[in-house]
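Enquirer: As a plain string of letters, each chain reads:
There are 2 protein chains.
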Amino acid sequence: MKNTDKSAATARPAPGSCSPGPFSNAKGPDHRGQAFTRPGSGQCMKRNSILDAAARTFCRDGFTGTSIDLIAAEAGVSRQTIYNHYRDKEMLFGAVVDEIIGRMNAVLYGILATFPEKPDNLEADLVLFATRLGKNCMCNQDGEFLRKLIQAEGERYPELFAIWRENGPARVWSAIAARLARLAHCGALDIDDPDLAARQFMALINTDLQFCGMLGEKPTEKQIEDGARNGVRTFLRAFASRGNPSTKADPAVKPNMALF
Amino acid sequence: MKNTDKSAATARPAPGSCSPGPFSNAKGPDHRGQAFTRPGSGQCMKRNSILDAAARTFCRDGFTGTSIDLIAAEAGVSRQTIYNHYRDKEMLFGAVVDEIIGRMNAVLYGILATFPEKPDNLEADLVLFATRLGKNCMCNQDGEFLRKLIQAEGERYPELFAIWRENGPARVWSAIAARLARLAHCGALDIDDPDLAARQFMALINTDLQFCGMLGEKPTEKQIEDGARNGVRTFLRAFASRGNPSTKADPAVKPNMALF
DNA sequence: GTCAAATTAGACACCATTGTCTAAATCGTC
DNA sequence: GACGATTTAGACAATGGTGTCTAATTTGAC
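Chains as they are written, first to last, in the numbering used here: chain Y, 15 to 274; chain X, 15 to 274.
Just so you know, these hints were derived from the structure itself, not from any lab.
A quick note: this is a predicted structure, and the numbers were derived from the prediction, not measured.
Any given hint could turn out to be false.
Copies of one chain are not kept apart here, so a pair can be met inside one copy or by any two copies together.
Here are the simulated lysine-lysine pairs, DSBU-like style, with alpha carbons at most 35 Å apart [unchecked claim]:
no., residue 1, residue 2
1, Lys149, Lys103
2, Lys162, Lys149
3, Lys149, Lys232
4, Lys149, Lys132
5, Lys103, Lys232
6, Lys132, Lys236
Construct the entire structure; sequences and hints are all you get.
Expert: So, in structure tokens, the structure goes:
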């Protein structure tokens, strides 16, 4: 068999070479190794199944805690198929990380572009922005994956996550800082240090999500929205120019607290 | 040999049965298995060596990634000694978690008692409080251990960390909320929802530490202090009663930013 | 020094995992 | 329906980890 050359050549393809990986569009979380092999799908389907299952499993059990056999079973694929696509367990891990970082960055770009530019309805617009960020980045499956894996395996594979560390959070807060500076310049906000304000903005809209995470619960959509509202409200209490209409006192969102 | 009974009886002792575990007072991080067996030390020394090395190793490599042999080598102790003290790898892990949670809770109690009660010099006092919290809890070795391990193994061993989840962060912010409410009551602060304000206080003083963590760096003492100063400053911008002397505008601490 | 308890090195059986290999089954396309 | 490529199940050797056992050594207290 000549698959030795083939597999080496195919290993670690440029992310997105197939159709954009779904990660979460594979049907069930069932461990039965049959439901996934739908007919009418090509080898690309398998590839995505593998990436999908691998992401889930690596995230749940860590790199060392994950066995190829488990990934194969969860992807509804034979072990050999995995080795046909990816030379190594490490290669597979790298491919998963690359895939997710790529997807995450794309989403991030899109969301950052929606930061409110005009100071009309600033509070409402900021809440919308913060909610988008929470739902599609911080509380995502992808977001959870990166957070957990960077903490767990970041030290062992520094190169893998370097791109994310430099491009991910850093890009977010420097972009937000620029927008905040513009809002400050036009008088809507009163900000000395836009970089610091940007980081504090992120921290505030993440406050309740973090506490959810510490308690082991994944926040609901409503909690994300309420968290955004509460964070933005306090942010504007601190940084809105006095006398600005957007500073109108809105009562803190209470229902959110029922869980604590 | 009758050590079967003995070891079963000795496994998972109440934390602190020996002298309070040091975790970081064992000399070097050297992997040589000799430097630790100092004379003049009893079996209790070994116990601490084991707990210490296990904590370090579990934190670095995760539960599955850690082998008993590695812990033994790092503790300068034979494998059998570990099995004499702790029945299982799981038992050892549990003992480590218990030990650290116990130590952490003790420290926490102490720090919470130092929350400023009087509104004189509120900003300075809050900064001191926040700095203490940062140095002795969030950026501790123990703090790092709990953060990493809860993320990595929290799902697999829910019972283990349940005590921490309930007593740890929850206690902190509810205690802080009570103190903030008192400060609000006496007119120093303007707070609608003390629970929310407490969480936001924590989030703000952690802002820069988190971003350090995302970039893979452990924050320096100076960064912790600056982070506390910046966080408290914004917190008071949002929540200090207008006209209160403690709200005097202090320029944001810039040097902190040099790293970003 | 003596004696009991603790510690040690090393061997051991057992099991899980990795990565390879092969022959048979299946898929996609024509 | 036929053909080439892919996938599959299963066997396989190699490795490394767990937990037990034993016989020899060291330690600590008297």
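Enquirer: Give a verdict on every hint.
Expert: Results for each hint:
| no. | hint | result |
| --- | --- | --- |
| 1 | Lys149 - Lys103 | within (31 Å within a copy, 38 Å between copies) |
| 2 | Lys162 - Lys149 | both (17 Å within a copy, 23 Å between copies) |
| 3 | Lys149 - Lys232 | both (11 Å within a copy, 28 Å between copies) |
| 4 | Lys149 - Lys132 | within (23 Å within a copy, 40 Å between copies) |
| 5 | Lys103 - Lys232 | both (29 Å within a copy, 29 Å between copies) |
| 6 | Lys132 - Lys236 | within (26 Å within a copy, 37 Å between copies) |
Checked against the numbered hints above, the structure breaks none of them.
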